[in-house]
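**Q** Given next are the chains, with one letter for each unit.
There are 2 protein chains.
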Amino acid sequence: MMKLTKKWAILLCALFPMTMMAQDKKSFTLDDLMWGGSNYYNIMPRSIHTAWWGDCLLQTDVEEIYQLYDEKGKICNKKCLFTVKEVNAAVDENVHGKVRNLAYTTFPKGGKTIAKVYADKGWAEYDWTNKKIVGFVPHIYGAQAQKAAPQTGARAYVKDWNLHVVTADGTDRQITTDGTREVQYGMSVHRDEFGIHEGLFWSPKGNLLAFYRMDQSMVTDFPLIDNSKRVAELAPEKYPMAGMTSHKVKVGVYNPQSGKTIYLDAGDPTDRYFTNIAWSPDESTIYMFELPRTQDKAELVAYDATSGEKKGVLYTETNAKYVEPMTPIVFLPWDASKFVMESRKDGYNHFYLFDTTGKCLVQLTKGEFEVIEMLGFNEKNKTIIFKANAESPVRHNLYSVDMKGKKMTRLDNGEGVHNAKLSASGTFLCDTWSKPDMYRQVDLISTQNGKTQNIVAPTATPWKEYNVPEITGGTITAADGKTPLYYRLVNPVDFDPAKKYPTVVYVYGGPHAHNVQESFNYGYRPWEIYMAQKGYVVFIVDNRGSQYRGFEFESVTHRRLGEIEMQDQMKGVDFLKTLPYVDADRIGVHGWSFGGFMTTNLICSYPDVFKVGVAGGPVIDWKMYEVMYGERYMDTPEENPDGYAENNLCNKAKNLKGRLQIIVGLNDPTCVLQHSLSFLRAAADAGTQPDYFVYPGQGHNMMGKDMVHLHERITRYFDDYLK
Amino acid sequence: MMKLTKKWAILLCALFPMTMMAQDKKSFTLDDLMWGGSNYYNIMPRSIHTAWWGDCLLQTDVEEIYQLYDEKGKICNKKCLFTVKEVNAAVDENVHGKVRNLAYTTFPKGGKTIAKVYADKGWAEYDWTNKKIVGFVPHIYGAQAQKAAPQTGARAYVKDWNLHVVTADGTDRQITTDGTREVQYGMSVHRDEFGIHEGLFWSPKGNLLAFYRMDQSMVTDFPLIDNSKRVAELAPEKYPMAGMTSHKVKVGVYNPQSGKTIYLDAGDPTDRYFTNIAWSPDESTIYMFELPRTQDKAELVAYDATSGEKKGVLYTETNAKYVEPMTPIVFLPWDASKFVMESRKDGYNHFYLFDTTGKCLVQLTKGEFEVIEMLGFNEKNKTIIFKANAESPVRHNLYSVDMKGKKMTRLDNGEGVHNAKLSASGTFLCDTWSKPDMYRQVDLISTQNGKTQNIVAPTATPWKEYNVPEITGGTITAADGKTPLYYRLVNPVDFDPAKKYPTVVYVYGGPHAHNVQESFNYGYRPWEIYMAQKGYVVFIVDNRGSQYRGFEFESVTHRRLGEIEMQDQMKGVDFLKTLPYVDADRIGVHGWSFGGFMTTNLICSYPDVFKVGVAGGPVIDWKMYEVMYGERYMDTPEENPDGYAENNLCNKAKNLKGRLQIIVGLNDPTCVLQHSLSFLRAAADAGTQPDYFVYPGQGHNMMGKDMVHLHERITRYFDDYLK
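Going down the list, the protein sequences come from chains A and B.
Last residue of the first sequence: number 723 in this note's numbering, and the count goes up by one each step with no gaps.
Last residue of the second sequence: number 723 in this note's numbering, and the count goes up by one each step with no gaps.
Just so you know, the hints here were simulated from the structure itself, not pulled from any lab data.
Not one of these hints is a red herring.
Examples of chain A residues toward chain B, derived with CB under 8 Å:
hint : residue
1    : Gln674
2    : Tyr692
3    : Phe693
4    : Asp706
Straight-line alpha carbon distances no greater than 20 Å define the calculated PhoX-like cross-link-like pairs of lysine-lysine that follow:
hint : chain 1 : residue 1 : chain 2 : residue 2
5    : A       : Lys229    : B       : Lys238
6    : A       : Lys85     : A       : Lys116
7    : A       : Lys132    : A       : Lys112
8    : B       : Lys404    : B       : Lys345
9    : A       : Lys131    : A       : Lys112
10   : A       : Lys205    : A       : Lys147
11   : A       : Lys359    : A       : Lys297
12   : A       : Lys345    : A       : Lys321
13   : A       : Lys623    : B       : Lys229
14   : B       : Lys623    : A       : Lys229
15   : B       : Lys147    : B       : Lys121
16   : A       : Lys654    : B       : Lys705
17   : B       : Lys723    : A       : Lys723
18   : B       : Lys382    : B       : Lys421
19   : A       : Lys407    : A       : Lys451
20   : B       : Lys654    : A       : Lys705
21   : A       : Lys238    : B       : Lys229
22   : B       : Lys132    : B       : Lys109
Here are the computed distance ranges between Cβ atoms for each label pair:
hint : chain 1 : residue 1 : chain 2 : residue 2 : range
23   : B       : Tyr263    : A       : Asp268    : 55 to 61 Å
24   : A       : Tyr104    : B       : Lys705    : 55 to 61 Å
25   : B       : Asn319    : A       : Ala686    : 47 to 53 Å
Glycine included, every Cβ here is placed at the ideal spot set by N, Cα and C.
Take these sequences, add in the hints, and give me the full structure.
**A** Structural data, given as structure tokens:
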């Protein structure tokens, strides 16, 4: 090492004081920044766990439960309700096992001093007044799904693809017997599309259980392989590809009292989707949305829950492109004859009030914004409490709306991105939120009058001892010449505007997701900080086709996935080229899944613009993607041969000039290996040279420690070829 | 581009005349050099195709057949026997199809003017005196194996794993009916080990057919996947891994006349190997070598070909490490009571003369060299004509030996590497040979008196218009301090001894193969020329464990595959470091299969020596390799747990420091994907970063155009990281 004389050292400090200061600060490792990294939880500022006990807000720490506010919103000065020690004094270790952590405790019996705590052997109900265990629900080991019934204490679960119900007295009954990998009961269906994520639906009082039955025996098996064994084993996945034979779904209703099961009389299930199952408050009726395979129509249909008889179609929505009902109807807590339905029929997702005859009473929300999520109802003032992006497409704020659709009231400060949990009666929100220059804040908000009390003070800028980059947000204009697109721009640490920096475009670009919002650092991904440390500019813009901008914005890509999206991304590149410190000769691109498709597409379509790409789990050819998602956006290969052919990246493999690394999880059941392998085959045939990596034992997205390895890999690739 | 004044240009030429001249020469592309490249056959100097017609040597061109020498070895001045036009005038296109190429014509009926020519629809026998088609054997489409019987004109073939025989009258009989992927008839068995490469063995007169039957229903399926389809399909491979349950083989004998099949009474086939099937000249007896699974004993056993009864054990060989009979016994053409057997029992592969009682009459060849291949007999002077490396371990020369083992005569000039075909009676050899400074020469050699006539003049240095590297050979001393090891050293083109060059060690290193010999360019692989053009030194040394150096040299690696081999390779590196122009900081390594194992092993075991490695189709963990090869060299995992564990490269993945790219054929049935995937998993777990590539649709070795792509890939990797 060169030895500096003191004089020289002082001179250098005088010349580069800023730099020296920045260099004194620490740098993050990937183990700090990546979810799955060994130091992640030490680096990320901690918040508190909270839970509602009726309308009282509690803080659930690992070892203690505190009351923060009472049911009137009056502060309680962290009154301790009970400790993990007290709970463990009450449990019978042989029966319940130990309780190790109270952070996930819930308080479903508002009013009573009863907490549901997680014990080694099950969920225990702890009465903290009497310091006794008053109820216990043992774990079901090996269950593929489970759901507790409200009120009755019964539980439904799935094991070996068959449905079981444990009644409150502990009797465990196997309800179905023909369950197999091919015929599944009580599991999520339709590959989790249409908002589906489960297959067990208890009625409001817990007297009846609706459940899915999916027959996929007619669906082609895709031969996934489990390579973790010495001799690899087959682990096939029923994977219906666009245009191919799909599975058949029915909805059954089991009555634990009679032991009888009926099926809803929905007719031939061939090429149909049944989604968003909802119960009438009186348990007499089941509602669901039904779509034909073409996905151009959705019907809200009512069934008699006892006989299974079809009672009628309450509502029909059609769209030449597609309809996509994502949420079940929700009945008003104070009026069982009315329900709220979400629909994008006017171009944006909004609430509509219906009566049970199917009459639309009123459109409750309206405007060029989207309802993001219904949080519940304030039963006192008869309002819906919900999240929407009415202030800006890149904000999520909290609102109430009355039942006439006349008065929509913002409940928060209108800034940033808010996530809130509603109290039992809907009078309070516990609101965790952030904005670009603030990491996190937690508030208590009254949904009656908007009164806000701060619970966790704002963490404005964490990591003061670290060298963090400047991250800014803004808009550019889409390729249509009019639509604003939101971007995030990450400048390198120790930024010097006189320098030229290599630049990486991060992209997703597909429906149902967005990357840029006005949360902390404009919705940054921690890897961007790592790249900024390494001296990269990182740029992210949400192109048309992405989430929360209304139907037209999303569906302009219909039948031509990738085309409009790329045009918009190239507008982002045009913008980057206006920045004097972006080295236009060193632009890279990276994305995963749809973003892997975009990355591969961009580097093959604009080989002179993008020098380096890293494409994770990419779709390469939409006809190898699954029926529900694939046909919604692309129709079938038979209906749209040109759209499939022109956006099949195998046909573009010959254009590859720069360096492209494709990375996949070897056991990806979502975007099967066929995609990347077809591209490699096409590239070898065409004489182009993509790179490749696989993570054995990983699926569509990397989990755990491999996330660190993966991002070291991605970074190294840009370091090798873009720097 | 900089514009030079004329004066400057002249001055530059004067300063660097050599360089300029070298630069004027052409460079090879991979399409020129690689087998599978589009220009390969234009670049490689052409030879002639020859065929024996009895003892007359013919030249078989695409369009004409010439006679070069008569049966006395008298030159015939390229007398044209017939042309493809004449053959096509004789064929009935509807029956025989067209004849497009005479290059592969054979002349099995010496004496008669009949040629066997390949026609579109079968093999036609053309009588060039009468200009008529006198026989025709139609192609069998979809046959998995086939073999024509001598003399009778019958043919055996395998279709859908069942045995069929077509008799001379054209009757096609299916002999077996229970053939499946699990129970195979007439196919090669024991994964082509022990010299096995086929499963159909006609008796000398064509009256009986011996055939293998392999039951592998008890063998684990390895789930290979055919990814060429839109929905990938399973293409499982029965793959018995070391220590696991293996297949069971029997030998049947079918008599076309009686239609009956018997099986040799060899006892329980569990964990036994049957190999090197041979017939007695009178068709009464079948001989084969039998080994227990331990491979420490080989018995030569005789069976009655009619009853299947075991007649006796003629010879037994044992070895604490392993025995490996590779060739069937061969009866003397002039004495049906005696046969020649090859064995390495004295440490080197030699001929032994036995009588049919099992008495060893004499060791025919002897010395510290190996018999490489028996070419046949000279019946007139009762000698064996064969190839051996008696002049030098890196030469193959042609010899005869008499039946007393007294007189071994060299028939060629003692230089280089010779490949020869023997004429019908064994009086002449057509010898194609090369030596380090000569690409190819073809001679006619009399086995009676060694008289040599030149047929194709020597092509000393082809590619005069190309810039070729200097390739030299030599020896270093092995890590045992005494054994000479042969190397080949390729210097960069435009070599400047004052420069420092990056250097790539190419390695195989396993048994049954060698890389260095005194053929053209010391046995160069054309890719080395490409690398030399790119400015690399390439070095290849055959370590202990490799081929043709005797049993001790090969078997010193027993139970510890990789260890001794690496010690010797490191002696090669020591040698490289003595060369002033080798940059010791830029040493890379590349190899395929066993060489992929060696490459991965070397870069992980000597991470400070090897900066870059490219490992193709590597073995990573010997317990995932197959039973026959694996247990011969490593015993079973149960018998040799330390040997397996210490040479399992997964345990070394953590040591990887430099850049290692593993490349495999996705459908490799020899070294299953499990190997490379296990290594990737181990590396990800350990936080090291190998690179990876797969060729979909390829097996253990790349075929066709992918060879060019592959070598572009390998080269690019060294260019990226070693240059």
